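With chain B's structure known, arrange chain A on it following the hints.
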Amino acid sequence: MIAVVDYRAGNLTSVKKALDHLHADAIVTEEPAVVAQADKIILPGVGHFSSTSILEETGLRAAILHRIQEGVPFLGICVGMQWMFESSTEAPGIQGLGLFLGACGSFAASVKSPHVGWNSLACQDGSRLLRGIPSDSFVYFTHSYSAPVVKATVARCEYGGEFSAAVEQDNLFGVQFHPEKSGPIGLKLLENFCGL
Amino acid sequence: MLTKRIIACLDVNAGRVVKGVQFQQLRDAGDPAELAAAHSQAGADEVVLLDISATHEKRTTLVDTVRRTARQLFIPFTVGGGIGSLDDATAVFDAGADKISINSAALADPSLITRIADRYGSQAVMVAIDAKRMNGEARFEAYVRGGRTPTGRDVVVWAREAEERGAGEILLTSMDRDGTGAGFDCELTRACSEALRIPVIASGGGGDMQSFVEVFQQGEADAALAASIFHFGLHRLSDLKQDLQSAGIPVRWPC
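Taken in order, these protein sequences are the chains called B and A.
This note's numbering applies: residue -8 is where the first sequence begins, and numbers increase by one.
This note's numbering applies: residue 22 is where the second sequence begins, and numbers increase by one.
One chain only, chain B, in its complex shape (with noise of 0.2 Å):
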């Protein structure tokens, strides 16, 4: 079972519907008993850096570290995969997982934001959540902050500067785009996770 975690940070609708049609067994929750269980974790997120804070105050945060430790596959979308990261300086006070080294930031100035659109991605190879997807593959973004190239980091996007467009290290996954917004490469993406 894929836990799909509900943080009241927007719209979980759109992950859902994907991981249905994949026909995944996905539920959404906002329960750490839940968390507890799951084989599978996502993360989602859009919105303010933030709301995760919600995460801690309801137990959520201590049982997604301890399912990671207990090797089970975590994906963070978006906020999610910021959230991964140590923190944001669009909330500094708020502290991230940490499971990724740096903070995330803003985009230079020189550019709009929010980074808006379909972007291409620069992959790198051996991910296993990118498994079948080319490199120079469109997907959807939309964020104003954004994650910096690190170690771990399998595919690189360039707006105004290079960021992490996606993350992964062991059981750990992370997308700043929006996989179930980007047609049927984000949906192989997804399918590549389910499968993991």
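Derived by calculation from the structure, the hints in this document are not laboratory data.
These figures come from a predicted structure and were not determined experimentally.
Here a beta-carbon is modelled for each residue, glycine too, at the ideal position from N, C-alpha and C.
A few of these clues could be false.
Claimed, not checked - Among chain A residues calculated to face chain B with C-beta under 7 Å, some are:
id	residue
1	THR24
2	ARG26
3	ASP66
4	PHE95
5	ILE96
6	PRO97
7	PHE114
8	ASP119
9	TYR141
10	GLY142
11	GLN144
12	ARG218
13	PRO220
14	ILE270
15	PRO271
16	ARG273
To be verified - Listed next, the stretches of chain B that the computed footprint assigns to chain A, with coverage defined by at least 3 CB atoms under 8 Å from CB atoms of chain A:
id	segment
17	106 to 112
18	174 to 182
Claimed, not checked - With beta-carbon atoms standing in for the labels, derived distance ranges:
id	chain 1	residue 1	chain 2	residue 2	range
19	B	LEU13	A	GLN62	13 to 23 Å
20	A	GLY168	B	GLY93	32 to 42 Å
21	B	ARG119	A	ARG160	53 to 63 Å
22	B	GLU61	A	ARG166	16 to 26 Å
23	A	THR135	B	ALA99	19 to 29 Å
24	A	ALA35	B	MET(-8)	37 to 47 Å
25	A	GLU185	B	MET(-8)	35 to 45 Å
26	A	THR135	B	GLU153	31 to 41 Å
27	B	THR80	A	ASP130	27 to 37 Å
28	B	LEU13	A	GLY200	52 to 62 Å
29	B	PRO83	A	GLU185	20 to 30 Å
30	A	SER106	B	ALA27	32 to 42 Å
31	B	LEU187	A	THR135	36 to 46 Å
Below, chain A alone, put in the same frame as chain B:
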């Protein structure tokens, strides 16, 4: 590289797409769900569903239509027309919309922008502005209620306020060009695009390929709304993207 978006717009009245042309590959040319899926396959980057009957009949967008349309659509999906409250927006989001578009209600109560953005994020809030030229000058006034009522508000000033209040995108329609196929109003589009940091979607007047090249190059639009239902056959939508690519406009092609 971030690409310029071509957004397909479906005008819906009582759950049926209007202004439609017959597409042989579809069983039902007026069904929003089938048309949205067909546009996605033909290369549309997003789909907007506008309930055109909603504002003047004071009727909310048919949630069932949204649900059916969203089910098989895996590209961004915006719903507008008759959304006048946070509850209206919630019903449409719950049915599967990714963004909502608000127009008259935002001008009547600009705090609605902020309330929806606080709950669903700015990326989910598109503010639509119907703009009309004032006395042929390069100044534009915002109209509401389907373009029937002038507001006295300067379009660029209102667009800036909408951005400050939390709008994620501006859907900017030139009433002077809408339905003419004479080309987008590049002056209007550029005035807004230069004044804002959020993306501007140009609408009204799209016709031949050259009109799209102009609105992206001279109008500095981030996206263009193509009323492809009546200006393009579905095959023409993919032709348009290939032509734009040949003209040096970055587009998502092949999809």
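Exercise for the section: Tell me, in ascending order, the numbers of any earlier hints that this structure violates. Expected result: 14, 15, 20, 22 and 28
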